[in-house]
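Protein chains in written order, with the working numbering: chain X, 1 to 389; chain D, 1 to 389.
Please keep in mind that the hints were generated in silico from the structure rather than gathered at the bench. One or more of the hints may lead you astray.
Intra- or inter-copy, both count: the list cannot distinguish identical chains.
The list that follows gives simulated cross-link-like pairs (lysine-lysine, PhoX-like), each with its CA atoms no further than 20 Å apart [stated by the list, open to error]:
1) Lys119 / Lys136
2) Lys27 / Lys346
3) Lys346 / Lys381
4) Lys346 / Lys330
5) Lys199 / Lys119
6) Lys199 / Lys5
7) Lys10 / Lys199
8) Lys199 / Lys9
9) Lys119 / Lys10
10) Lys119 / Lys9
11) Lys27 / Lys119
12) Lys9 / Lys294
13) Lys287 / Lys199
Treat the numbers as computed from the prediction; the structure is a model and nothing was measured.
Protein chains: 2
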Amino acid sequence: MLVKKFQVKKELDITPFHVMDILARCKEMEAQGRDVVHMEIGEPDFPTPQTIADAGMEAIQNQQTQYTSALGLFELRKAISQYYNDHFSASVQPEQIIITPGASGALQLILSYVLRTDKQLMITDPTYPCNRNVTKLIGGEVVAVPVSSETEFQLNARLLEENWNDNIAAVLIASPSNPTGTVCKQSQLLAMADFLSTKNKLLIVDEIYQGLTYDIESETVAGMRDNIIVINSFSKYFGMTGWRAGWVVAPMQCVDDLDVIAQNTYLSTSTVAQYAALAAFSIESRKILEQRRKLFQQRRDLLCNALSELAINAPVMPQGAFYVYADISKYSSDSFMFCRELLESKAVAITPGCDFGEYQANQYVRFAYTTSDERINIGMKRLKEFLFS
Amino acid sequence: MLVKKFQVKKELDITPFHVMDILARCKEMEAQGRDVVHMEIGEPDFPTPQTIADAGMEAIQNQQTQYTSALGLFELRKAISQYYNDHFSASVQPEQIIITPGASGALQLILSYVLRTDKQLMITDPTYPCNRNVTKLIGGEVVAVPVSSETEFQLNARLLEENWNDNIAAVLIASPSNPTGTVCKQSQLLAMADFLSTKNKLLIVDEIYQGLTYDIESETVAGMRDNIIVINSFSKYFGMTGWRAGWVVAPMQCVDDLDVIAQNTYLSTSTVAQYAALAAFSIESRKILEQRRKLFQQRRDLLCNALSELAINAPVMPQGAFYVYADISKYSSDSFMFCRELLESKAVAITPGCDFGEYQANQYVRFAYTTSDERINIGMKRLKEFLFS
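If we strip away everything but chain X, and leave its shape as in the complex, we get (with noise of 0.2 Å):
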């Protein structure tokens, strides 16, 4: 027998998520039989809507399995397109519509094209933490930007051309955002694309939480201009999360470079998530997703009561997806060893903001209101012993 001996010269120069540790602890707990309140899931407790699972299973008994076009069904491109129209008055062509495997193959979808020409993208922090690693992972870099409480955690025109420089490819941005739950309005947005079209760079835009706000409609951007690429999904708003299947709205322009792109990178989208995803717009479907937002904003509206009688105030409050961005700094200064100590004497599951960037990470740790009413009050009795006893 050979002797062993390949060896792993250089190190990852992406951080894993600190949440994984977090929740290979919960595991570790759980079999102890420990009972553990799950707030650290980016995931809807809800299962997939049974219109949708009925359509899926449908197209496999129709033997619907085979590749589709790298673009995707076109059925359901102008299924999308129809969407944009019914719900937000947006016009956007069935033919601008890539289907992609979830948001993350949409991401590294535009994200190798975009920084193919120049190397750097501009993001917030905190933000979406596979946002810096993709970039990374395909040979570019990130300028980060700081955000806070006064800005509603986004950017805006002035904080983008403060930080501009040409060798930007484009600048990303989530409305609703991942941790902060915060809202980027489209007029604010629209501002930095006309900025970014003087420039000839690109906006992209992270919906992926879109059909998830609350006190607000929910807004798009896709279409308005030639300079926007919006990325969406069917996973959170859809509750489609283990289907992998979202979508790309991008200016025509764009479309057969991607197409080329997307026929390397993953060649097609689940056939089978692409048929159950066609009956996510039916009034039936749409009737079960908005009740369940209905709930979503309840759990909000319990979980940011009960936090704020403990101090531990979301700055903003959060207007879209399942987060509360909530800051600690009455209690600690190093949000992990916060959400570490929590997970270890109450059993309760929060990530921590080093997750999401550098940028005040350790004032601010992230709760997802993905599990019930009744979770939600037992973990926030656990939180309140624990800070006071």
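Model the placement of chain D on the given structure of chain X, informed by the hints.
Same frame as chain X, but now just chain D:
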């Protein structure tokens, strides 16, 4: 309304597949009512075995549609480990196996990992075109080694050594190969792995056509050296193309890093596909798949004989996959024109050699036998007319 001004400035430096032109032209011709014989398609014409389809429907019925971990369902990783043991007498731990969204996802994952250190990937010319393109998309370079019928269109330890330079991070070999259908012997692969081991570099073996071999037993090199990474897929032998599920067998010491990259690039593989794939290893499934393999073998023999009668020879009898890489130099010195003219005049679609590289590319075309005996016979009759009338 704003003046549209975004301009795509940089041309994509990866080539679209010429077969896409062929496909587009097929569609036009079919819309005009012409009957096209499709021998360009790299997808089995059989539906997913009912045993596997049933398992997929059952997963949906059971609401098994949430994210799995990035590494995939442990149950499936165990089943694959067992498969290696049962059919290849290979010892592979479940922990070494990573479930991916098809072989495309696997390639993206592995190349993102491997090309972090050194920037070059050694491949053969001809090769599956995505190998070149994904390398470029993530900022790497290919070292394409021309291979001919003399080495059965495969690399060997001598060629590898002759073309070696220390910027090469890994060598990628496909066995059975697309487009040539030739197999690289296990002993040859291990000799290359051992050479690479002296350089602390990796051998990546694309075994996605594993199981589809004729005259010879299917082999694997998974788990046989600690510097070998194997890519495989449920698409081809298992008939699950549109489901998008594949896997990687990696050295244990690479798995944690690959996990982190997977979390970022694709998050998780279709959960429905993973549960469906669990049924791929049953005795019932195996029976169906082996019947199909025998049909493929019959088709190969039919096609190779017919081509040979037309003096269009496969210089190496293909022993695997479902392709014949055939020499048309008696009739043309421009394989793309040959394919275009054959399609225009006789409505037979095949793939030109130039899709797979540059070396001898104008001399070869690829016939896929992913269609019935009857259609192959019609195709060959038309080809004869094309050549001799």
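Evaluation of the provided hints:
Both within a single protomer and between protomers do Lys119 and Lys136 lie at most 20 Å apart by alpha-carbon distance, with minima of 10 Å and 14 Å respectively. For a Cα distance limit of 20 Å, the shortest separation of Lys27 from Lys346 inside one copy, 15 Å, qualifies, whereas the shortest one across copies, 62 Å, does not. Taking CA atoms no more than 20 Å apart as the test, Lys346 paired with Lys381 passes inside one copy only; the shortest distance there is 10 Å, against 76 Å between copies. In this assembly of identical chains, the alpha carbons of Lys346 and Lys330 lie at most 20 Å apart only when taken from the same copy (19 Å versus 78 Å across copies).
In this homomeric assembly, Lys199 and Lys119 come within 20 Å of each other (Cα to Cα) only inside a single copy, at 15 Å, whereas the closest approach across copies is 31 Å. Taking identical chains as interchangeable, the C-alpha atoms of Lys199 and Lys5 lie at most 20 Å apart only when they sit on different chains, with a minimum of 10 Å there against 51 Å within one chain. In this assembly of identical chains, the alpha carbons of Lys10 and Lys199 lie at most 20 Å apart only when taken from different copies (15 Å versus 37 Å within one copy). Proximity of Lys199 to Lys9 under the C-alpha cut-off of 20 Å is restricted to the inter-copy arrangement: shortest distance 12 Å between copies versus 40 Å within a copy.
For the homomeric pair Lys119 and Lys10, the shortest alpha-carbon distance between copies (13 Å) is at most 20 Å, but the shortest distance inside one copy (22 Å) is not. For the homomeric pair Lys119 and Lys9, the shortest alpha-carbon distance between copies (14 Å) is at most 20 Å, but the shortest distance inside one copy (25 Å) is not. Taking identical chains as interchangeable, the C-alpha atoms of Lys27 and Lys119 are never at most 20 Å apart, the minima being 39 Å within one chain and 38 Å between chains. Within a single copy, Lys9 and Lys294 get their C-alpha atoms no closer than 51 Å, and across copies no closer than 45 Å, so neither meets the 20 Å cut-off.
In this assembly of identical chains, Lys287 and Lys199 lie within 20 Å of each other by CA distance neither inside one copy nor across copies; the values are 43 Å within and 61 Å between.
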